[in-house]
Each structure stands twice: as C-alpha cells, then as structure tokens.
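**Student:** Chains V and G supply the protein sequences, listed in that same order. So the first sequence is numbered by my numbering: it starts at 2 and just counts up by one. So the second sequence is numbered by my numbering: it starts at 2 and just counts up by one.
One or more of the hints may lead you astray.
What follows is a list of derived Cβ distance ranges for each label pair [as the list claims (entries may be wrong)]:
#1 N10/V with T228/G: 27 to 37 Å
#2 S132/G with Q232/V: 47 to 57 Å
#3 E201/G with R89/V: 47 to 57 Å
#4 L152/V with R103/G: 49 to 59 Å
#5 Q232/V with D176/G: 31 to 41 Å
#6 S202/G with L71/V: 42 to 52 Å
#7 T158/G with A66/V: 30 to 40 Å
#8 L71/V with D235/G: 49 to 59 Å
Sample of chain G residues with no beta-carbon within 12 Å of chain V, all distances over it, derived [to be verified]:
#9 E26
#10 K46
#11 S60
#12 L70
#13 R89
#14 V97
#15 G102
#16 R127
#17 S150
#18 L203
#19 E221
#20 R224
Just so you know, the hints here were simulated from the structure itself, not pulled from any lab data. In this text the structure is predicted, and so the values were computed from the model without any measurement. Just so it is clear, CB atoms sit at the ideal spot from N, CA and C, and this is done for glycine as well.
2 protein chains.
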Amino acid sequence: MKDRDSRMNGLGRFFGVGVGPGDPELLTLKALRVLQESPVICMPKKGEHSRSYALSIVSSYLDPARQELLELVFPMKRDLDLLPTYWRAATDEIIVRLRAGRDVAFITEGDPLLFGTFIYVYDLLRQAEPSVAIEIVPGVSSVNASAASALLPLATTSDRLAIVPASYALEELSDILQRFDTVVLLKVNDVFDRVLDILESLSLTDRAVYVRRCTSPQEEIVRDVRTLRGQKLDYLSQVIVRK
Amino acid sequence: MKDRDSRMNGLGRFFGVGVGPGDPELLTLKALRVLQESPVICMPKKGEHSRSYALSIVSSYLDPARQELLELVFPMKRDLDLLPTYWRAATDEIIVRLRAGRDVAFITEGDPLLFGTFIYVYDLLRQAEPSVAIEIVPGVSSVNASAASALLPLATTSDRLAIVPASYALEELSDILQRFDTVVLLKVNDVFDRVLDILESLSLTDRAVYVRRCTSPQEEIVRDVRTLRGQKLDYLSQVIVRK
Numbered sequence: 002m003k004d005r006d007s008r009m010n011g012l013g014r015f016f017g018v019g020v021g022p023g024d025p026e027l028l029t030l031k032a033l034r035v036l037q038e039s040p041v042i043c044m045p046k047k048g049e050h051s052r053s054y055a056l057s058i059v060s061s062y063l064d065p066a067r068q069e070l071l072e073l074v075f076p077m078k079r080d081l082d083l084l085p086t087y088w089r090a091a092t093d094e095i096i097v098r099l100r101a102g103r104d105v106a107f108i109t110e111g112d113p114l115l116f117g118t119f120i121y122v123y124d125l126l127r128q129a130e131p132s133v134a135i136e137i138v139p140g141v142s143s144v145n146a147s148a149a150s151a152l153l154p155l156a157t158t159s160d161r162l163a164i165v166p167a168s169y170a171l172e173e174l175s176d177i178l179q180r181f182d183t184v185v186l187l188k189v190n191d192v193f194d195r196v197l198d199i200l201e202s203l204s205l206t207d208r209a210v211y212v213r214r215c216t217s218p219q220e221e222i223v224r225d226v227r228t229l230r231g232q233k234l235d236y237l238s239q240v241i242v243r244k
Numbered sequence: 002m003k004d005r006d007s008r009m010n011g012l013g014r015f016f017g018v019g020v021g022p023g024d025p026e027l028l029t030l031k032a033l034r035v036l037q038e039s040p041v042i043c044m045p046k047k048g049e050h051s052r053s054y055a056l057s058i059v060s061s062y063l064d065p066a067r068q069e070l071l072e073l074v075f076p077m078k079r080d081l082d083l084l085p086t087y088w089r090a091a092t093d094e095i096i097v098r099l100r101a102g103r104d105v106a107f108i109t110e111g112d113p114l115l116f117g118t119f120i121y122v123y124d125l126l127r128q129a130e131p132s133v134a135i136e137i138v139p140g141v142s143s144v145n146a147s148a149a150s151a152l153l154p155l156a157t158t159s160d161r162l163a164i165v166p167a168s169y170a171l172e173e174l175s176d177i178l179q180r181f182d183t184v185v186l187l188k189v190n191d192v193f194d195r196v197l198d199i200l201e202s203l204s205l206t207d208r209a210v211y212v213r214r215c216t217s218p219q220e221e222i223v224r225d226v227r228t229l230r231g232q233k234l235d236y237l238s239q240v241i242v243r244k
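Take the sequences, apply the hints, and build the full model.
**Tutor:** This is the structure we're talking about:
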C-alpha cells in the first residue's frame, strides 16, 4: 500500500531505520534490506568535522558509488533555541530528495523513537509534506544491548523499569531510584559525579553498572562505578541500576 | 575466548537469543547466525498443547532435520509456588545437552532480558553450572516495535520513560502516569478496564494507543482505546501513553 501511495503521489518514501547499538551484526534483516534498497541514506552528526556514529555502524553495508550518503549536522548543544534551525535545514534537504521521487533512509544508532534525532525530523517532515509515506524500522536499543553485555536483567514478572536522561532528571532521580526496580540512566557523562552522590546516599552504588558504547569495539563495562569519579566519560555512556 | 573456555571445559555454550517482536525480518543478523549454528534450539511455551510464539517467528530459519527443537513448558499461571519447578525442569533439560558438549540457543520473543522467561533459566543455570559460557544476543523489544508501528515517539531529549506490567502496578499507576512523559503498559489484557478507568480519571485516555502483537500478521493498533472496554484482549497487548 505504502509503495503504491508513494508512486501515486510521486514522492519517495521516508524510512527511519534503527541500526542497533554498535555491533554491525545487531542490525535487523529488515534494516539491512531497507538500507541496501534506498538510494539516499541520511544520518545525523554532531558537527561539520565529526563522524556519524550511526554511519560507522553500517558503512560496510553501503555502496557510496551507488548511494548518496547525506550527512546532516545536529549540534549536541543545549542551546535549544538554535536546534530547530538545524532540524529544519536537515528536513529541507530530505524533502528535496523525496520530491525527486527518491526513497530516503534516515539512520539512527539504537532505536529511532528512543531519544533519536530522527523524531524531530519526522515531526517537521510530516508537517511540511503530510502525504509522504513514512515507515519506521525499530532497532535494538542501547538499553537492551547494555543489559545483554552486562548480563543484567532489566525486568522480570512484576518489575518496573524507568529509562531517564540523567542530566535532565537529577532532582527527581532519588525518588525514581527508590520507586523502580531497575533504572537505566542515559546522558550520564556530564553529571556522573552527582549521580554517584545520589547512588551513595541511597546505598545503591553496588547495584549500579556502567556501560560505554555497548557491543562496539570500544565497549567498556565497569562494575565498581566508584572508580569513575572525576573522570571524563564518553557521551555514549549509561548506568543500569538493578535492585 | 568464550569459544576456547567452552572447549576447555567440554561444555556447550548457552545463548539467550532475542528474536524480536514478531516479524521474522526483525531478527538481527547475529540472532540468525547463532540460531543457524546451534544444534539445539529451545523455547518456552505456555502449555503442553500450545505453540511457542518465539518458535513461530523463527521457524522458517530452522532445520528440524539437523537441529533439535526443544520445547519447554512454562505455564503462565500466577501460582508462583509452582513456577520454579518448571524452571528447574527446563534448566535440567538444557544442562544435559550442554554437558554433552552441544551449544544451546534459548529463544525469546522481543529481548531476552526484558520480561523474558529466559531470565529465570539463566539464573538457575549459572547456579548449577557456573563455568558454562553464556552469551546474550539482545533483540528488538516489543516496546520499541509497538512505538514504530504506531508512529509514536517513546522519548525525546529530556523525557522520562517508564515500562511497567500493568497487572502488577495498578495501585501506583496513577502516580507513574503523572510523573513520566511516556508510560508503556505491558500485561494489560487482564486489567484493561481498570487501566481505562485510571486513564479517564487523569484525562489521558486520548493520549493512549493500544497495540496488539506488533509487526506480526495479527498486529492491531487501536487509537480510540475506549472501544476496547469489556473486550477479551490478547495477552501480547500493550498500551503506550504518550503525553
């Protein structure tokens, strides 16, 4: 149906494709097929001279001679006023290609709908071009993959799981940690020492495991999280607290 | 390393493999490889005469002439006293094969560590046979896949996401719904009408979407969840509440 709609309105299709947490073998069969069939692959990167993490995961599956690799800059600044300008510019680049009848696959590490840049582009695209056919290919999120690397259950039968960006939730963190059986903290790198203070105040430090760039060659698992105090941490870090 | 350890101790390796939410194309490349390389594939099913959902997802990738398909019964009863007996029996079946030097892949729908039966077997196995090499292959969870099917973001930048089994969290549900930006309710089928009452009391009914067996041929998405009141629902149902 989507294929037919797309041909009828002359627009290319837009895919949001989760490419998994880091290991290229954790792509789904569907993600691989969509990527190999799409003439345009676009991806977020943090700055003009940085490299897209999502691209590094899938680069061996792509053919730059046949496919356009469109890198879109999305600064990771907290300057929220400026960000929409970048999202709009990126969306415009995508729309030009969709209007030319070309399918576009937007790749994100992990899953597209869980803290992905994709979500902003998706919202703007639907506003600007409501008739475009959109399909989202879910991916293995870094939350599930970190738990697998650390051999740590996320939830059984009656457990409650919270997934929170630590840098935006410091004030409520103590409360959340007390109420949930498992808490996964993303965006911990800038606030790690404060997170550690909160964990210590609740005697939960021994229940926390730090995971960096799970399933990638740079993966690191630290079970004594106290040793990380004062260190500069990777922005692709998370902490799983399992009671 | 794991391979060598395994050969040194003579035991087969044990894999927990997430096979994704329902669409066989949402298997990862790694899950497919591990499944095709494992001489024993084991899977949970609810009763002697029922069929394993995980098996239905991967059956086209397996070769029963070459591979043993070991179905293990895990009743879905709330009789918590009885369940460990089944887990232990299942673990014993697995250990017999590992001691014979055969690799065993335990498959679960979605992700093995997010509400999977795998977790109980994994715990018992580590106690009974601490030297066995264990690897977990994370999968696309039904949480991410339901959001993709419903085209509904799970979380952006500063959002908090809670994943809770509704049937075990009715008393705290109102509080959780007020504190989190997105709440995914699993195990809703038996308590759906009570969940609906809570959503209505918070004026959140219009923010809820029901998803059944996401990405499978039986997928169903219901955006007016009021229409489901009083109905018998599939046990593989979830509700996403996105504020």
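**Student:** If a hint holds in the structure, say so; if it does not, say that too.
**Tutor:** Evaluation of the provided hints:
1. N10/V with T228/G: 27 to 37 Å: Roughly 31 Å apart at Cβ, these two residues keep to the hinted range, so it holds.
2. S132/G with Q232/V: 47 to 57 Å: 33 Å, violated
3. E201/G with R89/V: 47 to 57 Å: The hinted range 47 to 57 Å is violated for E201/G and R89/V, with Cβ atoms some 38 Å apart.
4. L152/V with R103/G: 49 to 59 Å: 22 Å, violated
5. Q232/V with D176/G: 31 to 41 Å: 36 Å, holds
6. S202/G with L71/V: 42 to 52 Å: Check passed, 47 Å falls within 42 to 52 Å.
7. T158/G with A66/V: 30 to 40 Å: For T158/G and A66/V the Cβ distance comes to about 36 Å; the hint holds.
8. L71/V with D235/G: 49 to 59 Å: 40 Å, violated
9. E26: 4 Å, violated
10. K46: The claim holds: K46/G sits with its nearest Cβ about 17 Å from chain V, beyond 12 Å.
11. S60: 15 Å, holds
12. L70: L70/G is indeed farther than 12 Å from all Cβ atoms of chain V, at 21 Å.
13. R89: Given that every Cβ of chain V is farther than 12 Å from that of R89/G, nearest at about 16 Å, it holds.
14. V97: 23 Å, holds
15. G102: 22 Å, holds
16. R127: 9 Å, violated
17. S150: Violated: least Cβ distance 8 Å, not greater than 12 Å.
18. L203: Non-interface label on L203/G holds, nearest chain V Cβ at 18 Å vs cutoff 12 Å.
19. E221: Since the minimum Cβ distance to chain V is about 16 Å, E221/G lies beyond 12 Å and the statement holds.
20. R224: At about 16 Å from chain V, R224/G clears the 12 Å cut-off, so the statement holds.
In summary, the structure is inconsistent with hints 2, 3, 4, 8, 9, 16 and 17 from the numbered list given earlier, while agreeing with the others.
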